[in-house]
Structures are given as C-alpha cells and as structure tokens.
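Number of protein chains: 2
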Amino acid sequence: MGFWKSLFSGTDAPAASKAAPMDRYVGDETDDRTTNRIFFSTERDLDLYELEELCDAVGWSRRPLRKVKKAIQHSFLVVTMWEQRGAQRRLIGFSRATSDHAFNATIWDVVIHPDFQGKGMGKALMKYMIKKLRGEDISNITLFADPQVVNFYRNLGFMSDPEGIKGMFWYPD
Amino acid sequence: MGFWKSLFSGTDAPAASKAAPMDRYVGDETDDRTTNRIFFSTERDLDLYELEELCDAVGWSRRPLRKVKKAIQHSFLVVTMWEQRGAQRRLIGFSRATSDHAFNATIWDVVIHPDFQGKGMGKALMKYMIKKLRGEDISNITLFADPQVVNFYRNLGFMSDPEGIKGMFWYPD
Numbered sequence: 185m186g187f188w189k190s191l192f193s194g195t196d197a198p199a200a201s202k203a204a205p206m207d208r209y210v211g212d213e214t215d216d217r218t219t220n221r222i223f224f225s226t227e228r229d230l231d232l233y234e235l236e237e238l239c240d241a242v243g244w245s246r247r248p249l250r251k252v253k254k255a256i257q258h259s260f261l262v263v264t265m266w267e268q269r270g271a272q273r274r275l276i277g278f279s280r281a282t283s284d285h286a287f288n289a290t291i292w293d294v295v296i297h298p299d300f301q302g303k304g305m306g307k308a309l310m311k312y313m314i315k316k317l318r319g320e321d322i323s324n325i326t327l328f329a330d331p332q333v334v335n336f337y338r339n340l341g342f343m344s345d346p347e348g349i350k351g352m353f354w355y356p357d
Numbered sequence: 185m186g187f188w189k190s191l192f193s194g195t196d197a198p199a200a201s202k203a204a205p206m207d208r209y210v211g212d213e214t215d216d217r218t219t220n221r222i223f224f225s226t227e228r229d230l231d232l233y234e235l236e237e238l239c240d241a242v243g244w245s246r247r248p249l250r251k252v253k254k255a256i257q258h259s260f261l262v263v264t265m266w267e268q269r270g271a272q273r274r275l276i277g278f279s280r281a282t283s284d285h286a287f288n289a290t291i292w293d294v295v296i297h298p299d300f301q302g303k304g305m306g307k308a309l310m311k312y313m314i315k316k317l318r319g320e321d322i323s324n325i326t327l328f329a330d331p332q333v334v335n336f337y338r339n340l341g342f343m344s345d346p347e348g349i350k351g352m353f354w355y356p357d
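If you read the sequences in order, they're chains A and B.
Once you know that position 33 of the first sequence is 217 in the numbering used here, the rest is easy, because the numbers rise by one and skip nothing.
Once you know that position 112 of the second sequence is 296 in the numbering used here, the rest is easy, because the numbers rise by one and skip nothing.
No lab work stands behind these hints, which were simulated from the structure alone.
Bear in mind the structure is a predicted one, so any value in this text is a computation, not a measurement.
The C-beta atom is built at its ideal place from N, Cα and C for all residues, glycine as well.
Warning: the hint list may mix true and false statements.
Under 8 Å between C-beta atoms, here's a sample of chain A residues computed to sit facing chain B [said to hold, decoys possible]:
no.: 1; residue: Phe-223
no.: 2; residue: Asp-231
no.: 3; residue: Tyr-233
no.: 4; residue: Leu-249
no.: 5; residue: Thr-282
no.: 6; residue: Phe-287
no.: 7; residue: Ala-308
no.: 8; residue: Tyr-312
no.: 9; residue: Lys-315
no.: 10; residue: Lys-316
no.: 11; residue: Glu-320
no.: 12; residue: Asn-335
no.: 13; residue: Phe-336
no.: 14; residue: Asn-339
no.: 15; residue: Gly-341
no.: 16; residue: Gly-351
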C-alpha cells in the first residue's frame with residue numbers, strides 16, 4: 185500500500201492520542217526503525233516559530249508573527265498536519281480558511297513541508313479542509329491558486345473562473 | 185456638478201445624524217422637492233427584509249435570512265448605503281467583506297439598487313470599502329467578479345489573475 189496504511193480510513197485517533205480532542209488520525213508512515221503516525225489537528229495554540237520554519241522551508245516570505253497570530257485567531261478554520269515519532273511531533277502541513285460562517289469560505293496558506301510533498305499529503309489536507317467546511321454547511325469554497333498548483337486544485341474538484349467569474353486583487357500602491 | 189454635491193468631500197455627517205456614530209456623509213442628491221442625503225453606515229443591526237428587498241431588486245436568488253444574519257455577524261466589514269429623505273431612510277446599497285483581520289479580505293455581495301445605478305454609487309461604495317479595509321491594515325483585498333463587472337473593478341484598481349493566480353471554486357455535487 186506504499187506510504188499510507190490507512191489514509192482516509194475514517195479511523196479515529198488511537199486512545200493514546202485522544203488527549204487533543206480535535207486530532208484526527210490520518211495514517212501511518214514507516215521508515216527503517218519505526219512506524220510514525222500522521223495527524224490532523226484543528227488546535228490553534230500553535231508554536232508560531234515552528235510554523236515560520238515550515239513556511240521558510242517552502243520559501244515563503246516571512247511575515248510578522250504578531251500578524252500571523254492575529255490571522256490564525258480570526259480564521260474560521262485552521263488545520264495543521266503533524267508527524268508523530270514516539271512522543272515527538274513535527275509540524276509538516278498547514279492550511280486555514282476565512283469565512284462568513286454561513287455561505288463562503290476562502291482557503292489561504294496551504295503548505296506541506298518539502299520532505300512530505302509528492303506523497304498525497306496536500307491532497308489529504310485539502311480533503312480534510314473541504315470536509316470540515318462542508319460539515320459547517322459552507323457551500324461555496326474558494327481559493328486563489330498560483331499557476332503551478334491550479335491543476336492540483338482542479339483534481340480536487342475546484343473550478344477556475346466558473347461562468348467567467350474572475351478572481352481579482354487590489355494591492356496598495 | 186451633476187448628481188453629487190460633495191462626493192468624498194471628507195465632510196462628516198451633520199450633527200442631526202450623529203446618533204449613529206459609524207455613519208458617514210457621502211453627498212446630496214436633489215429632486216424637484218428637496219435635497220436628499222446619501223450616507224454610508226457600518227452598523228450591522230440591519231432590517232434583513234429591507235436587505236432582501238434590495239437584493240430582489242437586482243434579481244439575486246433569495247437566501248435564508250437566518251444564514252444572511254449569520255454571514256453579516258461574521259463578516260469583518262459590512263457597509264450599507266442609505267438615501268435619507270427627511271426622517272426616512274432607504275437602503276440603496278450593500279457590501280461586506282470576510283477577513284482574517286491581518287492580511288487578507290474578500291469582498292462579497294456588492295449591490296446597488298437599480299434606481300441608483302449609473303451614478304457613481306457603486307464606485308463610491310467600493311472606495312469606501314477599500315478605505316475601511318486599508319484603515320485596518322489589510323493589504324490584500326480580493327473578490328470574485330462576474331464577467332460583466334470585471335471592468336468596473338479594474339477601473340477601481342483591481343487586477344484579475346495577477347501573476348497567473350487563478351480564482352477557484354469548489355461546490356458540493
């Protein structure tokens with residue numbers, strides 16, 4: 185079965201991990217020594233330096249942590265993805281969405297650590313985001329995709345410019 | 185000077201209207217009988233039936249008022265536009281934005297009553313939205329524009345697909 189033992193199996197986190205109630209077990213990865221678990225979490229109490237390290241790893245420009253903290257606080261949904269080796273957790277993915285809590289959500293800052301790219305992690309993260317947003321009765325999920333990831337989102341069911349609707353941006357001069 | 189006496193004059197609302205502290209005087213329109221004032225407000229305590237009437241007037245599909253109420257509550261910014269004749273106010277425009285309160289805002293549901301279209305009202309409303317969002321230190325203002333209004337937003341400084349970034353939508357099956 186390759187990398188994943190039970191991706192999207194719907195299995196809950198094993199008892200040992202239930203301390204963090206929002207956590208959700210995704211699957212296992214194995215290396216030479218041990219089996220490592222992959223989890224999602226919607227817990228926002230995040231080490232911002234660890235998040236910055238993740239964003240550094242994919243080459244994003246640094247942003248003031250004060251603003252990152254505020255953005256996380258005021259996002260409708262924040263999903264983190266973790267690799268657990270024994271008692272140690274490592275942040276390997278992140279995404280968040282703004283929303284009006286009723287009709288629309290917009291997904292921002294989707295990132296997977298390069299060590300974990302090409303293994304279906306981004307797809308798993310996005311499916312989890314969609315599932316959570318749908319669970320909150322949000323029917324219009326939107327995002328702004330860089331050209332190199334348009335096909336990635338298309339494969340997840342996102343449509344670009346449906347009925348000619350254009351994503352538009354305004355920046356200060 | 186046509187329709188507006190003092191659009192964007194920066195004048196505050198006259199004393200009589202200061203009861204609603206978020207109101208902002210936009211300008212005057214005149215008809216045969218009297219001078220009517222146009223105001224913006226960021227007050228959210230809105231008659232939802234009046235808003236529904238406005239949206240009906242431009243042919244939008246009706247939405248459950250319970251969800252509209254929730255969306256207004258959870259929007260970062262809600263701007264309404266009013267015509268005041270004597271003691272009577274009429275809702276003539278509406279717009280709102282979701283945001284993470286830090287980096288991004290997305291503008292939704294921009295509407296001007298057909299009786300007031302073609303008079304610079306939409307432009308005034310959007311400029312006010314941008315000014316308020318900029319005042320909150322939001323630098324990335326986004327929206328999804330129907331094809332027939334792409335040029336309207338372009339004239340306000342919005343860019344479509346900058347650097348190939350595509351607006352994408354996911355809808356439930």
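Need the list of violated hint numbers for this structure, in ascending order. Going through the list in order, the structure violates hints 1, 2, 3, 4, 7, 8, 9, 10, 11, 12, 13 and 14 and respects the others.
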